[in-house]
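Quick mapping for you: the protein sequence lines, in order, are chains A and B. Take 1 as the starting number for the first sequence in our numbering and just add one per residue. Take 1 as the starting number for the second sequence in our numbering and just add one per residue.
Hints were generated in silico from the structure; no laboratory data involved. Since this is a predicted model, take the numbers as computed values, not measurements. Cβ atoms here follow ideal geometry from the backbone N, Cα and C, with glycine treated the same way. Hints should not be assumed to be uniformly reliable.
Said to hold, decoys possible - DEER-style ranges, computed between Cβ atoms:
no. : chain 1 : residue 1 : chain 2 : residue 2 : range
1   : A       : 85        : B       : 174       : 28 to 38 Å
2   : B       : 118       : A       : 168       : 18 to 28 Å
3   : B       : 142       : A       : 209       : 46 to 56 Å
4   : B       : 28        : A       : 228       : 31 to 41 Å
5   : A       : 226       : B       : 118       : 31 to 41 Å
6   : B       : 10        : A       : 226       : 19 to 29 Å
7   : A       : 13        : B       : 125       : 37 to 47 Å
8   : B       : 142       : A       : 80        : 35 to 45 Å
Unchecked claim - Beyond 12 Å from chain B on every Cβ pair, some chain A residues (computed):
no. : residue
9   : 71
10  : 89
11  : 95
12  : 102
13  : 107
14  : 218
15  : 220
16  : 266
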Amino acid sequence: MRRRRRGGFVERTIEGLYQAAQRALDAENSASGGGLLQGLDARVKVAGLLALIVAASLETRLWAMAAVFALAVALAAVSRVPIRLLAARVWIPALVFTGAIAAPALFLTPGVARYRVPGLHWAVTAQGLTTAGYLVLRVETAATLALVLVFTTPWARVLKALRAFRVPVVFVAILGMAVRYILLLVETAHEMFESRKSRGVGALDAAGRRHLAAASAGVLLSRSFQLSGDIYLAMQARGFRGDVCLMDDLAMKPRDWLALAGFAALAAAAVWVGR
Amino acid sequence: MTLYEIERLSYRYDRLTAIDGLSLSIAEGSRVALVGANGSGKSTLLRILDGLSFGQEGAVRFRGEALTEERFADDAFAFSFRRQVGLVFQDADVQLFNPTVFDEVAFGPLQLGLPGREVRDLVSEALERFGVANLKDRVPHRLSGGEKKRVALASVLVMEPEVLLLDEPTAALDPRSQSRMIDLLVEWGGGNKSVITATHNLADLEDIADRCIVLAGGRIAAEGAPEEILGDRELLESANLIHAHRHRHRSGEVHSHPHVHSGEAERGE
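Chain A with its partners taken away, still in its complex shape:
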């Protein structure tokens, strides 16, 4: 029996975005759970993890970078971020994409040959291995730290932390609303395609898929225009006059100051020993 083809490019993209939206919900749930980092002020986590990312990118010794990576994994573990999830969402994809970029360096970097590819006589050099190792490990470390932030800090708190770092209030408000309504529109698009699927028999040909994609894009565009107009009216109805006022309710506790000092010390130490 012939296997039924999966939907077209647009349908697969929408499905992918929908799955990403569902994963965002997982992240929100994890961020609200118990764990070492979940209990800290969002500003400390944004500043501390960013400092570690900068430190990792400044490292010039592979072992020091590996130590920052190990620290990132340890932070994930004590914050109850599943290691399997890190492997599936960060380590393997980062290895595949960065590995593809780093692979030529294995052969093109001049140095002592360590291994020859059978049949091709291409030499993998020690220096090439080090260069590729730097690139892959740097990306793995930065991505792990970023995911630790996402899985330990609710999105609303990240936005408030950005405000505390003097990011303009209008920018933060637009960012928050953009994420909110992108999720809504992705869900709408997903429902449209599900609805089409429930009424259709067999796969559409290429022209049919293009027609469906164009029609769906038109409906979504129209819906987003209507939505944006209605949201503006809803904001006006509650007193919005062009200047956004938001509430700052973050408060630093002693343990937050302690954690901030710890992050600063670790980042400084990583830069110092790895220089």
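Given the coordinates of chain A, assemble chain B onto it according to the supplied hints.
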């Protein structure tokens, strides 16, 4: 005393006429239901009453003040009006645009310039009153339909408006959420504040209104007390608010009744 005075108001969307020469007066402290089928002009009229849209013809006055675009350009008038009048939209997703429920409820008071501590107290009280305190850190997008409606209502009532405009407050809610929403509306302000509700849910009329205005094609088709309107089958049929429902009895006999779809309750004869 008159709350709203509307004179020969017309509103058109391109070539479609939503409100057609409508004249109406609404008294202070009254509970009015704008009843009509889809497309009868209810939502447009509510937006005009909230100063969000303005008719191409005619006039609307709120407590004697004309509601015009020029008038809303004056910050003092706009702030004063927004404090007095609150609108709950039909689609709660439109109204819930903040990252958390707490921020959502705090949005209005903050825009009105209230100090942070006062806003915090008001928000906490509103969250408790509407039974959504446990949701305060949740993302509004992930709430159920009933929770979204309650948060939307809290986000408006936190500003303690004197006049509440509601667009289909029980639409798309399950029976229990509908009942809870009606209870909240009935209890709000001790029943002394002005409430104008657009609805096509006839089962709620007697609970939420003392006076009903039936709209059809952007005009007033009838007005009166809820029991008068509900008792006029011909009017309800002509306004597309009820329809004949055919069914077959065991004996094989087929006949029809006037029939209303209105959540859990169905009013028939």
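Point to revise | Given as non-interface: residue 266(A), which should sit over 12 Å from chain B by C-beta | key: 29 Å, holds
Check your understanding: Since residue 107(A) was said not to touch the interface, does its Cβ keep a gap of more than 12 Å from each Cβ of chain B?
Key -> 48 Å, holds
Check your understanding: So is residue 220(A) really clear of chain B, every C-beta pair being over 12 Å apart?
Key -> 15 Å, holds
Point to revise | Check on residue 95(A) being off the interface with chain B, judged by Cβ distance over 12 Å | key: 32 Å, holds
Review point. Within 46 to 56 Å or not, the Cβ separation of residue 142(B) and residue 209(A)?
Key: 31 Å, violated
Check your understanding: Does residue 218(A) really sit off the interface, with its C-beta more than 12 Å from all C-beta atoms of chain B?
Key -> 18 Å, holds
Point to revise | Whether the CB-CB distance between residue 118(B) and residue 168(A) falls inside 18 to 28 Å | key: 25 Å, holds
Exercise for review: State, for the Cβ atoms of residue 10(B) and residue 226(A), whether the hinted interval 19 to 29 Å holds or is violated.
Suggested key: 22 Å, holds
**Study point:** Interface exclusion of residue 89(A) relative to chain B, criterion Cβ beyond 12 Å
**Key:** At roughly 20 Å from the nearest Cβ of chain B, residue 89(A) sits farther out than 12 Å, so the non-interface label holds.
**Study point:** Distance restraint hint 28 to 38 Å, applied to the beta-carbon atoms of residue 85(A) and residue 174(B)
**Key:** 34 Å, holds
Practice item. Confirm or reject the statement that residue 102(A) sits farther than 12 Å, beta carbon to beta carbon, from all of chain B. Key: Fine: 38 Å to the nearest Cβ keeps residue 102(A) off the interface.
Review point. Is 31 to 41 Å right for how far apart the beta carbons of residue 226(A) and residue 118(B) are?
Key: About 35 Å separates the Cβ atoms of residue 226(A) and residue 118(B), which means 31 to 41 Å holds.
Hint compliance for this structure: hints 3, 8 are broken, all remaining hints hold.
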